[in-house]
Amino acid sequence: MASTVRTPHPREKRIIFRNIDRPGWTNDIDCYLRDGGYAELKKAFAMKPEQIVNEVKASGLRGRGGAGFPCGVKWGFIKPGGPKPVYLICNADESEPGTFKDRYIIHQDPHQLVEGTIISCYAVNARLAYIYIRGEFPLGAKILERALAEAREHGFLGKNILGSGFDCEIYVHRGAGAYICGEETGLIESMEGKRPYPRIKPPYFPAVLGLYLCPTIVNNVETLCNVKHIVRMGGAEYAKMGRPNNTGTRLLCVSGDVQRPGYYEFEVGGITFGQLIYDICDGLRPGRKLRAVIPGGSSAKVLSVADRYKIKSRQPDGSMLEKEMGLEELPIDFDTLAAAGSMAGSGGVIVMDDSRDMVWALNNINEFYAHESCGQCTPCREGSLWMKKITERMLHGGGTKQDTDTLKSVADNIAGRTICAFGEACSWPTQSFVAKFRDDFVAKSAGKENGTGSH
Amino acid sequence: MSAPTELLNVQIDGVWHQFPKGTRVIEACRRVGKFIPHYCYHPKLSSPGNCRMCLIEMGMPKPGPDRKPELGADGRPVISWIPRPQISCAQDIAEGMAIRTDSPLAKECRNGVMEFLLINHPLDCPICDQAGECHLQEYSVEFGTASSRFLEEKVKKPKHVELGPRVTLDDERCILCSRCIRFMKEIAHDDVLGFVSRGSYTYLTAYPNKRLDSNYSLNTVDICPVGALTSTDFRFKMRVWFLKETNSICTSCATGCNTLIGTRQNVVYRQTPRENNDVNSSWMCDYGRLNFHYLNSPERLQKPQIREKEALVNSNWKSALARAGEELRKFVNGRIALIASARMTNEELWLTKRLIASLGIVDHDVVPRRGEADQILLSADRNPNTLGAQLFGITNENPGAKLSEITEKVRSGSIRAIIALGEDLTDIELTTDDLKKLSLIVATGILPSETTRHATVLLPGSAFAEKRGSMINSKGRLQRLNRAVQAPGEARDDWEILRDLIQQLTGTNGIYLIEDVFRQIADAIPEMKGLSLSKISDKGVSLAEEAEETTKATASI
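Keeping their order, the protein sequence lines are chains L and W. Count the first sequence with the numbering used here and you get residues -19 to 435, in order. Count the second sequence with the numbering used here and you get residues -1 to 555, in order.
Treat each hint with caution, since some may be false.
With a Cα cut of at most 20 Å, we get these calculated DMTMM-like pairs of lysine to aspartate or glutamate [to be verified]:
hint: 1; chain 1: L; residue 1: LYS381; chain 2: W; residue 2: GLU150
hint: 2; chain 1: L; residue 1: LYS22; chain 2: L; residue 2: GLU133
hint: 3; chain 1: W; residue 1: LYS105; chain 2: L; residue 2: ASP392
hint: 4; chain 1: W; residue 1: LYS183; chain 2: L; residue 2: GLU372
hint: 5; chain 1: W; residue 1: LYS154; chain 2: L; residue 2: GLU347
hint: 6; chain 1: L; residue 1: LYS174; chain 2: W; residue 2: ASP189
hint: 7; chain 1: W; residue 1: LYS152; chain 2: L; residue 2: GLU133
hint: 8; chain 1: L; residue 1: LYS381; chain 2: W; residue 2: GLU151
No wet-lab data here; the hints were simulated from the structure.
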């Protein structure tokens, strides 16, 4: 794909994105092999699967898809020697607004993903893996299919890979254009040829009752790529990157009101929002001030520059230190963002300056979630569209005095009460926008009394 | 003896109870009087957990330092409550589990879901068939509010959709609980329904080129918690709150599905299945369910009639019965055949047996009705009481085997008279010419047929919904019919007609009530020893099990 070649910022630490925009780099297997590709696969076959699982546990790698669940712990849920086959699914349904990292791996460095996936299959004893790629990535799907064919030709896939005795096959499965397919159990239903209605947990935990009701591991593209580097570096060495419990590097996708939006890779927590916006992304547009940041994809709760955040962090001596910080001082890692009341999510950082109409911004997000709610369970199905209809009405001058409170109450009636995390994904924006920018919402709907609706 | 089921301790709203392992949380709560509202959950179907109406607070024993549950002052486990509400329909109870069905959080969840379900629901209750038996209405009273906060336009969806020949859908009323989809897939094994589109715009439909035409389609109407799926036969016919419901059984095949007959002012408006896990679970087939419209036919036979010269003329019961007795006496000694029906009740069949004896009839049988069994409920035997007819010796192990012999004897002239009980003789290959040759036809029936038209004496009887009595289904289960409506005109209960006929032939027989008939049966038939109509109860009794019980009881004495 013809893309503007960008030079990495000197403060980046590129591991996963090492080959992205690399001069002279092509996405075929020859280029990958010339660069020492598939060496980690050979190294992995010299290890026992449990050893790899242990290295991943030691690395502290947390899932890069959004939830940040420890990868080694997830793998540990697969009990060796079970009667059913184990499946591994790479979640390449990258759909969270503001997130555009996995597509670059797929487009420019597909063999990194293939190698990471084969190693992960070996670790959890999966003989069959699927890469579930969103329907809107037809080019990515073709590139992956070619990469898999190349890997097969070179004996990295198929029977008795590299004489290891391990058989493994990977297939690309294309989605049909639904955000909910990124939810792992919805994804599994979709793969089974059904509507992607997320499953109830219990009992349908993928590691127990996943694809075809067999034990299944679902990992994000970036997560699986990290596995290759953990094998290369060793878990302990990998864990030295980043901060305790927030190890490794993180791909950040910056969009919105900055001069130099794009994708970046840093050590987890190695950079603050202020540094990211002003130093890396060349700051805001002239004359503008920072208003808010959505730190981890559109479903993450918005953070306001007007707020102070009390963040506890573990010191080198093991003690906990609480520090009050502004938005710009927050380091971008899992625990800090959770402590700030939001989440690192999928790494999609959306920056908003003081020119932004917060009701417009929330309505934009609400439109997306109302459109993408699968409709299976009541609160999300009805609530997501209701919230969108309220913000849209407010935006077009039809706001009433009660709208702000109604919005919050509708969101409160969704969060925590749905089958899957979409309930949180669609209600957190409303909850946080209304909480942090209440005055904007009240101003939009001032003066008009609420009527009473009909049932 | 099977191993006793393990009992688990569960705390519900602060009180500890015990339930067998494997009990659903929602069922455990119901058993102790804590009803949890729900839409998508149905005990006979899988649990998708999609309506979210049954959210409750749940907790588990808090583990102590030794990983064993920490015990409180009362010796019971200290509960660690899960912060998120949990659905109660899809989880089984566990040892030490605690449930709060009425906490502020649980109530808040319920009210929230209720509001969500109503915002896009049309306010057309006044013309909705479900009104009066609608869960949305019922829970609105308990968990809804008087006015709505919803100021927006409601979502528009397809209305008046003919999903199949018997079911009409209003998608705007649908709350997307998926009960119908699961029923068609899991019970009817005809996976034709599904959702299309997404989010609040999702709607129910049949798959392209498919119709909801299964013989079980109307069960989806029963389990639809709202007015989305309606019976094309019943819709707009009657407000359900006017219906009087009578427990009975379906008589359209040998399965004997348990039913509720819905009537108003002596008219049957619908039949719906009544749960009986030993017979029909919660379902019945459309064929049986809709097989009642003939009850309201204007053609119904309403008056006893007798033949005067060539024509049938209206008579009265006294004269008609006297005429029948008088004529029948002329043909004893093997010249009378009796065609009974395996649709008759045990009480009627018992009296038929006595009639056979009093007239010395040797040529008797029933008319078999065979179709294809469907492996769900519909039996190949479309007669509801073949077992009863066999038990009382009206027919043998091969029903209908004697019919061709009887037909031959009619044609050869050795049989001169026929008693036809509810059956049309043209169904046993007799032509109208054959009927004309007969010297005597005494017929009972509810609708006109060639037989009734050629009858010498016509005695109008009652249909299944108009009488009491019992039948034995194909599995040997003795079940009860109850009277839901009165027979039209002067038509009488068939057991009374038979009693009176016997009385004409043999004098007073001391039978005044149907219970007297059953008592005679119970005294004479070992399988029914000790039973009475009231002991059969609404769910019937298994004669095999009953016999076993009796044997045991006798042995223990």
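Cross-check of the supplied hints:
Under the criterion of a C-alpha separation no larger than 20 Å, the hint pairing LYS381(L) with GLU150(W) is consistent with the structure, at around 15 Å. This hinted pair checks out: LYS22(L) and GLU133(L) have alpha carbons roughly 16 Å apart, not beyond 20 Å. With a C-alpha separation of about 14 Å, the suggested pair LYS105(W) and ASP392(L) falls inside the 20 Å cut-off, and the hint holds. For the proposed pair LYS183(W) and GLU372(L), the alpha carbon gap of about 40 Å is over 20 Å, so the pair is violated.
Between the alpha carbons of LYS154(W) and GLU347(L) the distance comes to roughly 18 Å, so the proposed pair stays at or under 20 Å and holds. In summary, the hint linking LYS174(L) to ASP189(W) is supported, as the alpha carbons are separated by about 13 Å, within the 20 Å threshold. Distance restraint check for LYS152(W) and GLU133(L): the Cα-Cα separation of roughly 57 Å exceeds the 20 Å cut-off, and the hinted pair is therefore not satisfied. At roughly 19 Å between alpha-carbon atoms, LYS381(L) and GLU151(W) fall within 20 Å of each other, so this suggested pair holds.
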